[in-house]
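Novice: Produce the entire structure from the sequences given, and follow the hints as far as they go.
So the protein lines, in turn, are chains A and B. Following the working numbering, the numbering of the first sequence begins with 10 at its first residue and continues without gaps. Following the working numbering, the numbering of the second sequence begins with 10 at its first residue and continues without gaps.
Take every hint as true, because none was put in to throw you off.
Pairs of lysine to aspartate or glutamate residues, derived as EDC-like cross-links and limited to a Cα-Cα distance of at most 20 angstroms, are as follows:
hint, chain 1, residue 1, chain 2, residue 2
1, A, Lys161, B, Asp152
2, A, Lys161, B, Asp146
3, A, Lys218, B, Asp152
4, B, Lys161, A, Glu158
5, B, Lys161, A, Asp152
6, A, Lys161, B, Glu158
7, A, Lys218, B, Asp146
8, A, Lys266, B, Glu48
Listed next, the stretches of chain A that the computed footprint assigns to chain B, with coverage defined by at least 3 CB atoms under 8 angstroms from CB atoms of chain B:
hint, stretch
9, 100-111
10, 175-186
These aren't lab readings, by the way, just hints derived from the structure by calculation. For glycine and all other residues, C-beta sits at the position ideal for the given N, C-alpha and C.
As a plain string of letters, each chain reads:
There are 2 protein chains.
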Amino acid sequence: MPNLDGRSLPLQAAMAEVATDVHAMLDRLIPDGGGESGEARLSAAMRYAVLGGGKRLRPFLVVESAALFNVAPSSACKVAAAVEMLHTYSLIHDDLPAMDDAELRRGRPTVHRMYDEATAILAGDALLTRAFEVLADVGVHGDPAVRIELVKELAQAAGIAGMCGGQMMDLQAETESLPLEIGAITRLQRLKTGAIIAFSCEAGAILGKAPQQMRHALNAYAHDLGLAFQIADDLLDVEGSSTETGKDTGKDASANKATFVSILGVERARSQAVLLADQACAHLDPFGPAAERLREVARFVVDRRA
Amino acid sequence: MPNLDGRSLPLQAAMAEVATDVHAMLDRLIPDGGGESGEARLSAAMRYAVLGGGKRLRPFLVVESAALFNVAPSSACKVAAAVEMLHTYSLIHDDLPAMDDAELRRGRPTVHRMYDEATAILAGDALLTRAFEVLADVGVHGDPAVRIELVKELAQAAGIAGMCGGQMMDLQAETESLPLEIGAITRLQRLKTGAIIAFSCEAGAILGKAPQQMRHALNAYAHDLGLAFQIADDLLDVEGSSTETGKDTGKDASANKATFVSILGVERARSQAVLLADQACAHLDPFGPAAERLREVARFVVDRRA
Chain A
10 MPNLDGRSLP LQAAMAEVAT DVHAMLDRLI PDGGGESGEA RLSAAMRYAV LGGGKRLRPF
70 LVVESAALFN VAPSSACKVA AAVEMLHTYS LIHDDLPAMD DAELRRGRPT VHRMYDEATA
130 ILAGDALLTR AFEVLADVGV HGDPAVRIEL VKELAQAAGI AGMCGGQMMD LQAETESLPL
190 EIGAITRLQR LKTGAIIAFS CEAGAILGKA PQQMRHALNA YAHDLGLAFQ IADDLLDVEG
250 SSTETGKDTG KDASANKATF VSILGVERAR SQAVLLADQA CAHLDPFGPA AERLREVARF
310 VVDRRA
Chain B
10 MPNLDGRSLP LQAAMAEVAT DVHAMLDRLI PDGGGESGEA RLSAAMRYAV LGGGKRLRPF
70 LVVESAALFN VAPSSACKVA AAVEMLHTYS LIHDDLPAMD DAELRRGRPT VHRMYDEATA
130 ILAGDALLTR AFEVLADVGV HGDPAVRIEL VKELAQAAGI AGMCGGQMMD LQAETESLPL
190 EIGAITRLQR LKTGAIIAFS CEAGAILGKA PQQMRHALNA YAHDLGLAFQ IADDLLDVEG
250 SSTETGKDTG KDASANKATF VSILGVERAR SQAVLLADQA CAHLDPFGPA AERLREVARF
310 VVDRRA
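Specialist: Dropping the structure here:
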């Protein structure tokens, strides 16, 4: 569980601490099946994907937003684990040969390269399913209404008006070589990566039964953060090396893909990301100093090298 | 909504009536996106798959089990639609080239043949997600505990100890040409198809807040029914034509797949199915004549030709 003394840690150390907690939670929630059966193979693939590291940015957002409302750390950690399962499922499916056909993820072979395509599809399916099962079981002092709210919001963030819809738009733009404009790219990213980041930030407010305006403030923060994050990601694809990022880089340019960087250019994209991060922080004003960690996250997101 | 006069209809007419209601509900729950965007393509693929007919056996089980406990027909129909979404998602993913590589389903090209592989993967993902979203929104007189129970049970039926785990076992047995014994096949089918049939039968009891022993009786009925259904399916694969079944037949034998029929032979398999159907009916004794429809379903399942 997150250590309360952790408040005074530098951001990266605090993130590492949450990552450790979430790792332990995921390890417990997806037990090793053992043996040689199909289920054992499936749980091994799920564990390979979900326990393979990563920044655990979304779980950190869940834990930090929950801390604003004095939510029990164990509940926040469980929701954080569910979000990471959902995020990992989307990576596994997006990496498939029929989609982005990626070979590397978090510095290791993607799930379909390590196992096979069928196993990767099923591991993704099972992680998506498990995320809902875990949310339906979050301890919230016997209040099922909170759990139902979490399930509903996560389903919306993951579905056709969220991750699935965004990925479909992304694929279609690529197939048809459509010249996406900045508005279309913004909308695409809002769906594909923004919705789940928004869920991560709002989850704390849902768990803490916070007033609507607090939830709206976190939603507004999340949307600017998500866009800043995506622009930074596009910049890394152009400027980073796969050693730093742990995944294939330069893929966007070679796929002739319209990104924030291809449209705005490196310099304008970078200043846009910084602007969005500042704007994200401004939305946190109502929380005062309590939200300092979330402000640090916004700055971190645009400064990161991986 | 199911017509109460429907009680006196012959089984097939009653099933057709529920199928019509569920079709209308699915049509409403997955609206046509319209236009040319990615979301429109995704919703078109989802609708192609889920509105393409089928017996709607699982929805019928939901509606009939709910009728035992005087559940509002509109709530039962919504849960039935969610179950059909989940079932359709599993068909879409199982049909993929990396899995069973099927060309026909319900008499039409499979989703990845009609659209493409990426769209089929995403349409499956989005249907799975939507099923949970719909369950989280079932009207049950403001009782969120019932909804959470439904979400939890569906997730279990769909996950590693249900459909996903069963499909993985199935694929692994095929890849490794493992000589599955009757015990292993029974277990595989219990996971792959039995769990969701069990959920369909128990959903009514959950919606109606029925006593545990009623729920156990329906669970026992469902397990025998599910096995009888699978044996009948294996028999159809050997004896049916794709004109009758609307899907590829003879695939099990050409894949050298161990099935109930390949192990027991046609005659013993058929009598085993009949025995299981009788056993299923016996579990319904506590419900008396009210459960006659469910008894008819058990007999129908082993007699069907498609």
